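Since the structure of chain A is provided, determine the placement of chain B on it from the hints.
First to last, the protein sequences are chains A and B. Residue 5 is where the first sequence starts when you use my numbering, and the numbers rise one by one after that. Residue 163 is where the second sequence starts when you use my numbering, and the numbers rise one by one after that.
Each hint should be verified, as a subset may be incorrect.
Straight-line alpha carbon distances no greater than 25 Å define the calculated SDA-like cross-link-like pairs of lysine to any residue that follow [said to hold, decoys possible]:
#	chain 1	residue 1	chain 2	residue 2
1	A	K207	A	G415
2	A	K230	B	R554
3	A	K296	B	R164
4	A	K22	B	R164
5	A	K273	B	G311
6	A	K22	B	T494
7	A	K22	B	G311
8	A	K296	B	S166
9	A	K230	A	Q208
10	A	K95	A	T36
11	A	K22	B	R554
12	A	K273	A	R171
13	A	K22	B	A285
14	A	K22	B	D423
15	A	K22	B	A484
16	A	K95	A	K207
The set of hints was computed from the structure by calculation and includes no laboratory data. Values in this document were obtained by computation on a predicted structure and should not be read as measured data.
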Amino acid sequence: MTEVLHELLRGSLDHCVKCTICETACPVSNVTPLFPGPKYAGPQAERYRVGDEPSVEWSVDYCSGCGICTQVCPQGVKIAEINAQARRKLKQQNGVPLRDRLIARPTVIGRLGTPTARLANASLRSRPLRIAVERVIGIHRDAALPGFARRSFRSWARRHSSPATGRRVVYFHNCGTQYYEPDVGKKTVAVLEHNGYQVEIPKQDCCGLPLQSNGLFDDARKYVLKAARVLAPYARDGALVVGNATSCTLMLKREAREILGLEDDPDLKLVSERTYDVCELLLELHDRGELKTDFHPVDEVVAYHAPCQQQGHGIGKPALELLALVPGLEVRELDAHCCGIAGTYGIKREKYDIAMAAGADLFDQIHASQAGLVACDSETCRWQIEHATQKTSVHPLELLHRAYRLPEPTG
Amino acid sequence: MRPSLHYDVVVLGAGVAGLTAAAKVAEGGARVCVLAKGVGSTHLAPGTLDVLGYTPERVEVPADALPAFVAGRPDHPYALLGVDAISPALDWFAGRIERGPHPGYRYVGNLKRNLLLPTAVGAARPSALVPETMAGGDLRAERPVCVVGLRPLRDFHASLCAANIARLGVEARAVELRLDMDRSEVNALGLARGFDDPVFRRDFVSRLAPQLDGDERVGMPAVLGLRDPHGAWADLEDRLGRPVFEIPTLPPSVPGIRVFDALHAALRAAGGRLVMGSRVAEGEREGTRVTALRSETAGRETYFGARAVVLATGGFASGALALGSDWVVRETVLDLPVRGVPAPGSPRFGAHYFGEQPMARVGVAVDATLRAEGAENVFVAGAALPGAEPWREGSGEGISLTSGHRAAELVLASDGLAAAA
Chain A
5 MTEVLHELLR GSLDHCVKCT ICETACPVSN VTPLFPGPKY AGPQAERYRV GDEPSVEWSV
65 DYCSGCGICT QVCPQGVKIA EINAQARRKL KQQNGVPLRD RLIARPTVIG RLGTPTARLA
125 NASLRSRPLR IAVERVIGIH RDAALPGFAR RSFRSWARRH SSPATGRRVV YFHNCGTQYY
185 EPDVGKKTVA VLEHNGYQVE IPKQDCCGLP LQSNGLFDDA RKYVLKAARV LAPYARDGAL
245 VVGNATSCTL MLKREAREIL GLEDDPDLKL VSERTYDVCE LLLELHDRGE LKTDFHPVDE
305 VVAYHAPCQQ QGHGIGKPAL ELLALVPGLE VRELDAHCCG IAGTYGIKRE KYDIAMAAGA
365 DLFDQIHASQ AGLVACDSET CRWQIEHATQ KTSVHPLELL HRAYRLPEPT G
Chain B
163 MRPSLHYDVV VLGAGVAGLT AAAKVAEGGA RVCVLAKGVG STHLAPGTLD VLGYTPERVE
223 VPADALPAFV AGRPDHPYAL LGVDAISPAL DWFAGRIERG PHPGYRYVGN LKRNLLLPTA
283 VGAARPSALV PETMAGGDLR AERPVCVVGL RPLRDFHASL CAANIARLGV EARAVELRLD
343 MDRSEVNALG LARGFDDPVF RRDFVSRLAP QLDGDERVGM PAVLGLRDPH GAWADLEDRL
403 GRPVFEIPTL PPSVPGIRVF DALHAALRAA GGRLVMGSRV AEGEREGTRV TALRSETAGR
463 ETYFGARAVV LATGGFASGA LALGSDWVVR ETVLDLPVRG VPAPGSPRFG AHYFGEQPMA
523 RVGVAVDATL RAEGAENVFV AGAALPGAEP WREGSGEGIS LTSGHRAAEL VLASDGLAAA
583 A
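Isolated chain A, as found in the complex:
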């Protein structure tokens, strides 16, 4: 990493006035004594992490990396970013378990699972197998693991051609869409095309976020730079980059540059400046009076949860403003901070219970809302919500797709 950037992040700790506001918002430290909180593990402990000397503070492994501490800090301390780098140092020092190396590579898992979806999904549902996986690898037996799609999104996208309109976007569909939820991708494409966009879908890989949050920075850099190389030519050509996973788009927009120290890569810089969350893009379109509003009524009560990393974009909650345009749809905004899963955090054997406890406020709010559906922009959060509440969770785009009465996706 560039030393200058590290010093900038690190330097922000001097702005910490120990006001404890981050502690009031931390989903993890409020439910477990294993993590003493963002202030303690971040600005305070960072003073003892000296150069190449071994880390003296181990609890930062229990930080889930949700990023809320940085969002609420009134003094601009980059708490989550400092902690992400401290976590990496700890992992470098202590080694990264095989499990973390595995779950941090969704494309590897996906490539193995999708062709054998039937068998793989049956295995995921097999209790004895899950217990064995927990013992051998360390993935909690009850953790929400999505089922593989029989056909990847790519196999559809390869055959799909978007009508030429001259208004081009390049779609970064993320691994969740690719291997588990191809229909979400097809609906995203359909909604964009309905609004006059020509959607380019290049062959692509993971953004590197899971590697980054598991402390594997070198590998994460390779992945995110590969993504930047794929997307940058389109961006240079005037296209916007659009994604439907708010964590992956945040990685492209900011986290890779700040946490991985890739501030100077020109491709990534361009991609970062031109990347949009799909709801963000549609809301700006609406702001200019260009969004199609031929919505049909959707008779449904929906609870909406904005994922932590969606909040990290600093754009408010565009999904809420879009859903408000759909007649008949009653949307109940949930204000609990976090579902607990934080990407791969909550599926780990030793962290599953913490993640479930961290999400308890949200799950209670979902039940109290009496909503039939939960809308949420991030796939891992949706899987966690479905697992914890037994309620169906959808991407907000799926509701817009329904309201536009666009055809249901096919193979």
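Chain B only, in chain A's frame:
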């Protein structure tokens, strides 16, 4: 294409002033977005609404003291706002708390009488409007006090608090309870989650009750619940059979978080938005109007267009004002002119921390309608206003609330908005 979103009103800052202005403007029908660098003063302040505590004599009846107070201080925010603006703001606030997310939780008091509540160190704090859960601590009442310390909670020393209360003439003693919490460091928030749980409260009462004497009232650090504070407080009073009151703690402030939650709920109920972690770098101007705010969002800048702006960013402590080594004070977001900077040669700071501090009276220059000098659609509220010494006057929350409330009225009546709303 320039990334942009348009609102009727953009409010900068999510403290009491900003959230009040935003919620009230949204209730008036305008589309509102609050941009905040982070959580504001709510989580640090005790959650009481102190309107006027000292002139410098201690104020018993704010309604009586206020006219003379503002007459002698024409530059004070209360003089600008008018004394008559205070009561409607207090009523509005109390109403939002009662409609808020905590069933039964409410505020009591008014300008006719200051309550005199103990602080965490047992000093007396004159306050006009306070959570009902604190009102029982009024030191004008003679009933003896038992201050209960909760052992895992650092920075709340029951014996110190009780000794100082006793010095004020109210019989007081301390009891320390060691609670079995599964961590070495517990803050007010962790305890509040405990007191939200009826089983936790039952255990607590069973240990405390035998240690109480006579007709003592019970003072506790303000940790009686975040989800259902009224329920927790009423349950303790019921089980202990005596008055129970909360005493504000050092940060994080549980009663302050309740204030944030209630005002945020009012904002959302009226359709307003809050973007947390959004640093606004500058405003874009057309002549004397600020038409958009440039915010440093992830990856790039986003422009938030606005017909009117409420600047509720605070003072020096929050970084809204900055003092350079050249003794120039700058307003850091919109670069607005400031007022009240001590003249060269005259004292800037005083030697006593809580004494007169001329530099701290600096604020954004405004006219009688809270409009910033040179920016006709920017309204200023809260600690960004010049002329106050809240730490000496006991007036901070009153100024924030009243100016936020008044700014909303003025925004709604302003040219660009009247048509839109």
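Going straight from one Cα to the other, do K95(A) and T36(A) come out at no more than 25 Å?
holds, 21 Å
Checking one constraint from the list: CA of K22(A) to CA of R554(B), max 25 Å. Satisfied?
Cα-Cα ~24 Å, so holds.
What's the verdict on K22(A) and T494(B), does the C-alpha distance respect the 25 Å limit or exceed it?
Given that 25 Å is the threshold and the Cα spacing comes to 23 Å, the pair holds.
Sort out whether A285(B) lies within 25 Å of K22(A), counting only the CA atoms.
With Cα atoms ~23 Å apart, K22(A) and A285(B) stay inside 25 Å; holds.
Pairwise hint evaluation, K207(A) against K95(A), where the allowed Cα distance is 25 Å at most:
Violated - the C-alpha atoms of K207(A) and K95(A) are around 31 Å apart, more than 25 Å.
Are K22(A) and A484(B) close enough, with their CA atoms no more than 25 Å apart?
holds, 20 Å
Holds or violated: K22(A) with D423(B), Cα cutoff 25 Å?
Satisfied, since the Cα-Cα distance of roughly 22 Å is no more than 25 Å.
Is the hinted pair K22(A) and R164(B) satisfied, with a Cα-Cα distance of at most 25 Å?
violated, 38 Å
Pair hint outcome, K207(A) versus G415(A) [Cα-Cα no greater than 25 Å]
The hint holds at about 18 Å.
K22(A) and G311(B) were given as a pair; does the straight-line alpha-carbon distance stay at or below 25 Å?
holds, 23 Å
If you draw a straight line from the CA of K230(A) to the CA of Q208(A), is it 25 Å or shorter?
Since the Cα atoms of K230(A) and Q208(A) sit roughly 8 Å apart, the hinted pair holds (cutoff 25 Å).
Decide if the proposed pair is consistent with the structure: K296(A) and R164(B), CA atoms, cutoff 25 Å inclusive.
holds, 20 Å
When each numbered hint is compared with the structure, violations occur for hints 2, 4, 5, 16.
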